[in-house]
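Mapping of the sequence shown onto our numbering: residues 10 to 307, in sequence order.
In short, the hints are calculated from the structure, not lab data. This one's a predicted model, so the numbers in the text were calculated from it and none came from an experiment. Warning: the hint list may mix true and false statements.
[Said to hold, decoys possible] Simulated restraints, written as ranges between beta carbons of each label pair: (1) GLU78 / ARG261: 33 to 41 Å; (2) LYS248 / LYS270: 25 to 33 Å; (3) GLN142 / GLY255: 50 to 58 Å; (4) PRO185 / GLU143: 39 to 47 Å; (5) GLY139 / GLY281: 29 to 37 Å; (6) GLY255 / GLU72: 22 to 30 Å.
Even for Gly, the Cβ is constructed at its ideal location relative to N, Cα and C.
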Amino acid sequence: MKRTTSVKYAAAALAGTAVLAACGTESGSGSGSVGDGEKTTRTTDVMADTRWVPHTVTVDGKEYKLPTEEKNFRVDEAHITFKPGAAEPDVGGGESGGTVGCNDFGADVEIDGDTVKITDLASTAMGCPGPVQEFEEKFQSVFTGTLKAEIEEQDGTKFLTLTRGEGDSITLAEGPAEEPEPALKGTKWTIDTLVSGKGDDATAQSLPKGAKAHLTLAKDGTASGNLGCNNFRGKATVKDGTIEFGPLSTTRMLCEGPVMKAEQELTDILSGKVSYQQKDQELTLTAASGAGLVARAK
Numbered sequence: 010m011k012r013t014t015s016v017k018y019a020a021a022a023l024a025g026t027a028v029l030a031a032c033g034t035e036s037g038s039g040s041g042s043v044g045d046g047e048k049t050t051r052t053t054d055v056m057a058d059t060r061w062v063p064h065t066v067t068v069d070g071k072e073y074k075l076p077t078e079e080k081n082f083r084v085d086e087a088h089i090t091f092k093p094g095a096a097e098p099d100v101g102g103g104e105s106g107g108t109v110g111c112n113d114f115g116a117d118v119e120i121d122g123d124t125v126k127i128t129d130l131a132s133t134a135m136g137c138p139g140p141v142q143e144f145e146e147k148f149q150s151v152f153t154g155t156l157k158a159e160i161e162e163q164d165g166t167k168f169l170t171l172t173r174g175e176g177d178s179i180t181l182a183e184g185p186a187e188e189p190e191p192a193l194k195g196t197k198w199t200i201d202t203l204v205s206g207k208g209d210d211a212t213a214q215s216l217p218k219g220a221k222a223h224l225t226l227a228k229d230g231t232a233s234g235n236l237g238c239n240n241f242r243g244k245a246t247v248k249d250g251t252i253e254f255g256p257l258s259t260t261r262m263l264c265e266g267p268v269m270k271a272e273q274e275l276t277d278i279l280s281g282k283v284s285y286q287q288k289d290q291e292l293t294l295t296a297a298s299g300a301g302l303v304a305r306a307k
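Just need the whole structure built from these sequences, with the hints factored in.
Here it is as structure tokens:
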């Protein structure tokens, strides 16, 4: 008999966009499997137990690789997870989501044997560097509708390939296990992205070369770090999903123009109250103006 698993993706949205809802159901018994010989694997179980990293997308016979050369953007965060989870009666449950290096996205996913049905794809809408955005657009053009799943193992690493009827496909590689979520306070958050604008007008860009910005929120109610050029320190009150920064005291060094420009933008964001959102290793701060920053625990 087949086992059917319905999973609703839920991805924490960037730059203050609302978190996508999660729901889903799991029913039936038995399992579908893919592969052959000793490599035979239950699709649902392996997909759900693995953190997948986008590897390549093939569209109209042309292969697109994840642009890992974009070191200063979110490419190193690229991952997809499937987590059926436990469901409440008549409500559903489960969580999954991810990013392919730019925007967070979510969708309904139903797995039945080696058939994966993807519907209701939703995504944040930031503009990103050209190669990253191109890869994301190709990925999302394939990651929809009905696909066939195949899981193979090469040199000890599992690869998941999702293929549409016309032959377009996505290949994902088994990634490292998900790290425990760090504490908001006491963690050094390395700032790597600035966000401007709201909604569909939101854009994101990496910090300029040479900017080494970071932020630490201490348990004593203070914040300290570096704005890209100068060190800073000030008060920070965390309450109800917000952080309210007091006046910042800073050193007074001069750096190159792009670094100083980014520093001013960070200073503006860290002046007054911002909303914050923490998911996995990532922290997003968003001001009322829509300006924001993205930092990672490093």
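Verification of the hints:
1. GLU78 / ARG261: 33 to 41 Å: 35 Å, holds
2. LYS248 / LYS270: 25 to 33 Å: Holds, since LYS248 and LYS270 (Cβ atoms, about 31 Å apart) stay within the stated range.
3. GLN142 / GLY255: 50 to 58 Å: Because 37 Å falls outside the window, the suggested range is violated.
4. PRO185 / GLU143: 39 to 47 Å: 26 Å, violated
5. GLY139 / GLY281: 29 to 37 Å: 34 Å, holds
6. GLY255 / GLU72: 22 to 30 Å: 52 Å, violated
When held up to the earlier numbered hints, the structure conflicts with 3, 4, 6 and fits the remainder.
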